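Novice: Okay, here's what each chain looks like letter by letter:
Number of protein chains: 2
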Amino acid sequence: MGRIIVEVMPKPEILDPQGKAIAGALSHQGFTEFTDVRQGKRFELTVEGDVTEEALEAARKAAEGVLSNPVIEDVVGIYAEGK
Amino acid sequence: MGRIIVEVMPKPEILDPQGKAIAGALSHQGFTEFTDVRQGKRFELTVEGDVTEEALEAARKAAEGVLSNPVIEDVVGIYAEGK
Numbered sequence: 001m002g003r004i005i006v007e008v009m010p011k012p013e014i015l016d017p018q019g020k021a022i023a024g025a026l027s028h029q030g031f032t033e034f035t036d037v038r039q040g041k042r043f044e045l046t047v048e049g050d051v052t053e054e055a056l057e058a059a060r061k062a063a064e065g066v067l068s069n070p071v072i073e074d075v076v077g078i079y080a081e082g083k
Numbered sequence: 001m002g003r004i005i006v007e008v009m010p011k012p013e014i015l016d017p018q019g020k021a022i023a024g025a026l027s028h029q030g031f032t033e034f035t036d037v038r039q040g041k042r043f044e045l046t047v048e049g050d051v052t053e054e055a056l057e058a059a060r061k062a063a064e065g066v067l068s069n070p071v072i073e074d075v076v077g078i079y080a081e082g083k
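Same order as they appear, the protein sequences are chains A and B.
Quick note: the first sequence uses UniProt numbering, first residue 1, plus one each step.
Quick note: the second sequence uses UniProt numbering, first residue 1, plus one each step.
Since the hints were made in silico from the structure, they are not lab data.
Quick caveat: nothing in here was measured; it's all calculated off a predicted structure.
Please note that the accuracy of each hint is not assured.
Same chains, same label: a pair holds when it works inside one copy or across any pair of copies.
[What the hints assert, rightly or not] Below 20 Å or equal to it, Euclidean Cα-Cα: the simulated DMTMM-like pairs (lysine to aspartate or glutamate) are:
1) K11 with E73
2) K20 with E64
3) K41 with E73
4) K20 with E53
5) K61 with E44
6) K41 with E81
7) K20 with E54
8) K20 with E44
9) K61 with D36
If we strip away everything but chain A, and leave its shape as in the complex, we get:
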């Protein structure tokens, strides 16, 4: 059993209100180290057997077509877990 990780983040030019809210909460709790916070998504896709190049290619298509909204989000990482 293998797993593919897909990472999706809001595009840099897109406002991220949830990230801003978290930045405010962190600052309020005394975490003054962090000047900005952005929140994105992390998906774990399980495949039977090892992660093949075909499975990675399917994950790339799924990432662009289903797991992210290309208008406002970037797929920033796709890789086999542990690689």
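Take the given structure of chain A and dock chain B to it, following the hints.
Specialist: Frame of chain A, contents of chain B only:
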């Protein structure tokens, strides 16, 4: 300017209805490779200057105390971007 990545996933024993819905949508669209999907969160914390051990320690505390709900979520990764 440095960035710390924090990865949070639902605990394995916790039902992930959003992941299940995505698994159904993927299967419906012909992505039959994936037997399970789980959705978590990925945070980017920006710090001024380089990522120091102190900043990573603050990120660990923020991850446990603010960015995740330890009852239902695990912090699965904390690292300086590009490391």
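Novice: Each hint should be assessed against the structure and marked as holding or not.
Specialist: Hint by hint, here is what the structure shows:
| no. | hint | in the structure |
| --- | --- | --- |
| 1 | K11 with E73 | within (5 Å within a copy, 25 Å between copies) |
| 2 | K20 with E64 | between (25 Å within a copy, 18 Å between copies) |
| 3 | K41 with E73 | both (10 Å within a copy, 14 Å between copies) |
| 4 | K20 with E53 | neither (37 Å within a copy, 24 Å between copies) |
| 5 | K61 with E44 | within (15 Å within a copy, 24 Å between copies) |
| 6 | K41 with E81 | both (16 Å within a copy, 16 Å between copies) |
| 7 | K20 with E54 | neither (38 Å within a copy, 22 Å between copies) |
| 8 | K20 with E44 | between (25 Å within a copy, 11 Å between copies) |
| 9 | K61 with D36 | between (30 Å within a copy, 17 Å between copies) |
In this structure, the hints that do not hold are numbers 4, 7, in rising order.
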